[in-house]
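Starting from the known structure of chain A, arrange chain B on it as the hints suggest.
As a plain string of letters, each chain reads:
There are 2 protein chains.
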Amino acid sequence: MGIISNRVEHYSGSGHANQEQTATTPVNVTVSGETMTSFAVHSVCLPPQKSTLQKLRHRLSEVFFPDDPLHGFKNQSRLRKLILALQFFFPIFEWAPNYSFTLLRSDVVSGLTIASLAIPQGISYAKLANLPPIIGLYSSFVPPLIYSVLGSSKHLAVGPVSIASLVMGTMLNDAVSYNKEPVLYLKLAFTATFFAGVFQATLGLLRLGFVIDFLSKATLVGFMAGAAVIVSLQQLKGLLGITHFTNSMQLIPVLSSALQHKNEWSWQTYVMGFCFLAFLLTTRHIGMRKPKLFWVSAAAPLVSVVLSTILVTLFRSKLQGIAIIGHLEKGLNPPSSNMLYFHGYFLGVALKTGIITGILSLTEGIAVGRTFASLNDYQVDGNKEMIAIGLMNMAGSCSSCYVTTGSFSRSAVNANAGAKTVVSNIIMASTVLVTLLFLMPLFHYTPNLILAAIIITAVIGLIDYQSAIKLWKVDKLDFVACLSSFFGVLIISVPIGLAIAVGVSVFKILLHVTRPNTGVLGNIPGTQIYQNVSRYREAKRVPCFVILGVDAPIYFANSTYLQERILRWIREEEEWLAANNGSSVKCVVIDMTAVTGIDTSGLAMVKELKKMLEKRSLQLALANPGGSVMEKLHQSNILESFGLEGVYLTIDEAVADISSSWKA
Amino acid sequence: MGIISNRVEHYSGSGHANQEQTATTPVNVTVSGETMTSFAVHSVCLPPQKSTLQKLRHRLSEVFFPDDPLHGFKNQSRLRKLILALQFFFPIFEWAPNYSFTLLRSDVVSGLTIASLAIPQGISYAKLANLPPIIGLYSSFVPPLIYSVLGSSKHLAVGPVSIASLVMGTMLNDAVSYNKEPVLYLKLAFTATFFAGVFQATLGLLRLGFVIDFLSKATLVGFMAGAAVIVSLQQLKGLLGITHFTNSMQLIPVLSSALQHKNEWSWQTYVMGFCFLAFLLTTRHIGMRKPKLFWVSAAAPLVSVVLSTILVTLFRSKLQGIAIIGHLEKGLNPPSSNMLYFHGYFLGVALKTGIITGILSLTEGIAVGRTFASLNDYQVDGNKEMIAIGLMNMAGSCSSCYVTTGSFSRSAVNANAGAKTVVSNIIMASTVLVTLLFLMPLFHYTPNLILAAIIITAVIGLIDYQSAIKLWKVDKLDFVACLSSFFGVLIISVPIGLAIAVGVSVFKILLHVTRPNTGVLGNIPGTQIYQNVSRYREAKRVPCFVILGVDAPIYFANSTYLQERILRWIREEEEWLAANNGSSVKCVVIDMTAVTGIDTSGLAMVKELKKMLEKRSLQLALANPGGSVMEKLHQSNILESFGLEGVYLTIDEAVADISSSWKA
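Protein chains in written order, with full-length UniProt numbering: chain A, 1 to 664; chain B, 1 to 664.
So that you can see chain A by itself, here it is in the shape it has in the complex (with noise of 0.2 angstroms):
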């Protein structure tokens, strides 16, 4: 066996294991022009000495800081920092004073293409969340308005969302009809966006923005699609002229509900929602297989409602089975602030949808920027963007608009469309303000099944069938998360779908602290490598050791199982040896490279583990202890316990040192 190691003591910090030094066929070793002599030991140290406040500083910025945002601030004039404050807080005045004509010719081609596309989504998404359609529109002027000075994402397109929408609909309607009770509603819905940009700004300011990575890939898609069904049944009440339909969001009422009604389907309203739909459908298509002719998918709802409404008001008499949206009223955003509802019955049911729809509008707002940053090359800061959706919803509920985000869809196109900044969201929300004005009675009569329409294609693209596949392939445990939010979502409800997403994420977690990984581990004979025997069939079991890795910190959570763990490890590998070579273990090493942290239960594993093993006269030795680590060992009093030849800086070290020590 080839051991290569060297003897130079390292202290630092204050390691204190293995001052002895006991050599045993010291080697020459010539390496490029140095001479060193080989078989030594290098010590363990302690990570540097910190008081409990310099720890707790660290770890807190460790948490809420791992960005470090003020770096740039580091050694700045008076002035300088004053214009980056502003530049930090307000975007805008970060990319205003470059702006240039080229940017605006960008932005306004964008602003214009997802204009055409915001104004029929913000009705339809409004009917979603059982709301006049007008809100939808209000919420596409104010909010990107606001977004364009806070946000620092370039190519967000901000307004209302599907998935916010149905959940708002959902979990307001459980509690108060909009037939029966508008105002309330209303307020409600209000109060909902109010608190969810409250929540929104909150998690941001308090730099909690991890709350939402909680919400894994696997989850979203799950979700996703879940919510993706369930809204396309909903639209069959538009798509077949239903006028009697549940309000119910699970999949089997739903169904049952639009079979009932068979009476009420009109086949003036689904030939002509299917012949739409189809034709959305096809435009998606085409935009999807060629980047180039994104504008065909773009435009294509704009030309739907306004072919589908011309073709209504035309044939007036002869469709009178198709339902249309009626009388909107012109104008612009009226104020809402004396709509806010802070006490009484609601509260609570606004506060919860608040919060859930805050959380949802923030991921989806949040992972969209992050897409079109890191595909155009710049970074967004997560906490900021925080602050900036929230803000506008809060600004969005005191002027009549609900829960508002970027869209991934609008944003795809703005993209594509070649959006250079923001300003794109001021084109797109001054065309709103021109519709709010003055086009509002075009729209008299738009028939419902063309919302209808427009909201099945949006939410057919949240079915990633793909990605749900590849879960399959690569990780069986996503999987299951994602099957149980699409379920979850399907057949109980939207919130407890979620939450049973979070809980198998969560639970993949702890089953991951609580069942880790443990292996024999063996040297790659020529080298100071060790690996997993099952895993690489070069590495040999060193004789008389059982070296065994940890693949998790040790914590209560599992620190019985890997006692038993490593008690079997032992008892298999002494079976092992008593059958094939007669030979017996005399030392245990384990490797603790992975043992990224120990609490006090690992402690008193560890201790109790040294205990068992010495009354079977067995040498227990630890490699490469973490900082962490090996300061609580020392913190314990447990280092002791160990003396001098317990802890090593490698495996190979620990094999070296403990065989010369038998020998001599």
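Among the hints, a few may not be true.
A pair holds if it fits inside one copy or across any two, identical chains being indistinguishable in the list.
List of simulated lysine-lysine pairs, DSBU-like, C-alpha gap at most 30 angstroms [what the hints assert, rightly or not]:
| # | residue 1 | residue 2 |
| --- | --- | --- |
| 1 | K318 | K470 |
| 2 | K473 | K611 |
| 3 | K476 | K55 |
| 4 | K607 | K476 |
| 5 | K586 | K74 |
| 6 | K384 | K615 |
| 7 | K330 | K187 |
| 8 | K74 | K292 |
| 9 | K607 | K292 |
| 10 | K384 | K610 |
| 11 | K420 | K607 |
| 12 | K610 | K290 |
| 13 | K50 | K663 |
| 14 | K384 | K187 |
| 15 | K611 | K290 |
| 16 | K352 | K180 |
Since the hints were made in silico from the structure, they are not lab data.
Positioned in the frame of chain A, the structure of chain B alone reads:
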């Protein structure tokens, strides 16, 4: 820099990275007679191919059968297997054939000793659960007998315990008052016991024993101390002779109730009470200081009961103010299966009480069993113990017993008194039997104050302030978990206190995963060792490289954080290099040794990171990715994007190979 590695390609599994071999400056190294050539690269292996079903089987066997319980059955004859199975299910068959008179003598001594503790404690604990005192004696008779057949611990002294009694008393009393509806209360107590037993046996049968691991030691220290404080304060009722005392279990109501009813304080009661309390505490102290005198503290409760009963009987007329136990029925446990309550309004209460007392008593029983097993060098199987405790409680609920388990204090006395097998439990049960049949009238004049003093003496040992101090020293977050369970129990309620503590413990695990340690690694000159530069002063940064260690699995909960943090490390290293020697970073190596798992979000992060670094003309390499990580990188096709120079077995090889490729 002395980099020593060996030109040996290791093919195994289907490893495929780094098939290219560019050797620069090969060096001959002679170690113990072998000659090797330096500068070669080992391929990183994929783990052995397994089907989904095989993986699932392996995973399930690790989750549910980590101790391989059937390993003793391998390669045995049929008859032997049958005997082993009998011994497996009924440990009595294991020890009974070798039982001898010497063992019996020890067991009789220890059995009588624990009986002298069990009788007064049984009566006292039953009062703690608001149950008639005799139930405590019943519970010290049937369950120990059942445990002696099924249990595998040699030192467990079975019977009622303080924590489970307190919790049962609190939770049932919230729903039903014993004084108003004694029969319903009794029914609920037996039903809760039944459910506790079913829950415990089910956990054991389904091998879900790890559930109790989630009550970490830190949690339990706080919980027990909180419960002990509450229980002690509750005993002011008995010690001061108050008749109208609160049923509440929170700190403030209990204290204020004791002070409000000052007019009810009886001086005879509290003088006598505090005298006996002082006596009991003194003997307890002696027993703790000198383990040989354990019999002093073991005998003290019975001595106090006898003494106080004689005193009260003699001076009956003068000690009118002292409350006494009163009439106790002679006779054996009456059957109570007809009192189990499986439908109706209070079923939920019984179920909840059963599960919570079940898990608490299980935790105590298993912990006690493990402690004494490890002290006396034998093993107890947690899951088998759970079945034994569960069946014993199920049987108990049908014979007028309430929740029982292994008591810590009595088991310690049992062990000290020299118990050798569970026969000491049989001896104890026989003594209780004699008491039940003949001695019950003797307890008529036993004053309640002595029961209060016994309870206080017993629970005061649960306040383990030394452990709390140690928690503070070693692990601040564990201390927070401890404190929150302490105050949760004291101020809110027992179940909520427990829930908070478990929540804090789980949060700790999540925090560890959400914000893992990362750090820059450097080479210890003359070795192949790479360590954190902030911990090892000798560790030197390698020019042109940023080597980062990541100390956690890369999951959805930390992938965003890790991406930001890694980019920040790179930025900081670039700034540092620019300021110090003007060189630039050309390659980033991530040490994946401690990355024990990766999920789809983590994979997306790695892919994203690679893309981002490529845009900045930085190379990314991974060192020592573990088996499951490697497999997932492979399945998700990310490995391909790394190509030949991206995945290495060690950091050292990565650095050597990449720098040599630059030279070439």
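Which holds for K476 with K55 at a C-alpha limit of 30 angstroms: within a copy, between copies, both or neither? Close across copies (10 angstroms), not inside one copy (38 angstroms); limit 30 angstroms.
How would you classify K420 and K607 at a CA-CA limit of 30 angstroms: within, between, both, or neither? between (61 angstroms within a copy, 26 angstroms between copies)
What label fits K318 with K470 when the C-alpha limit is 30 angstroms: within, between, both, or neither? For K318 and K470, the Cα distance exceeds 30 angstroms both inside one copy (50 angstroms) and across copies (85 angstroms).
Between copies, within a copy, both or neither: which fits K384 and K615 at Cα up to 30 angstroms? Classified as between: cross-chain Cα gap 25 angstroms, same-chain 58 angstroms, threshold 30 angstroms.
Please sort K50 with K663 into within, between, both or neither, judging by C-alpha distance up to 30 angstroms. Cα proximity of K50 and K663: none, with 40 angstroms in one copy and 42 angstroms across.
K607 and K476: within-copy, between-copy, both or neither at 30 angstroms Cα: Between copies only: 20 angstroms across chains, 36 angstroms inside a chain, cut-off 30 angstroms.
Same-copy or cross-copy closeness of K610 to K290 [CA-CA at most 30 angstroms]: Cα proximity of K610 and K290: across copies only (27 angstroms, versus 66 angstroms in one copy).
One pair to classify: K611 and K290, alpha carbons no more than 30 angstroms apart. Within, between, both, or neither? between (69 angstroms within a copy, 24 angstroms between copies)
Quick one: K586 to K74, C-alpha cut-off 30 angstroms, is that within a copy, between copies, both, or neither? between (56 angstroms within a copy, 25 angstroms between copies)
Alpha-carbon proximity between K330 and K187, which holds within one copy, between copies, both or neither at 30 angstroms: within (21 angstroms within a copy, 70 angstroms between copies)
For K607 and K292, with the copy left unspecified, which applies at a CA distance of at most 30 angstroms: within, between, both, or neither? Answer is between; shortest inter-copy Cα gap is 26 angstroms, intra-copy 66 angstroms.
Have a look at K384 and K610 and pick one of within, between, both or neither, based on CA distance no larger than 30 angstroms. Cα proximity of K384 and K610: across copies only (25 angstroms, versus 50 angstroms in one copy).
In the structure shown, a violation is registered for the earlier hints numbered 1, 8, 13, in ascending order.
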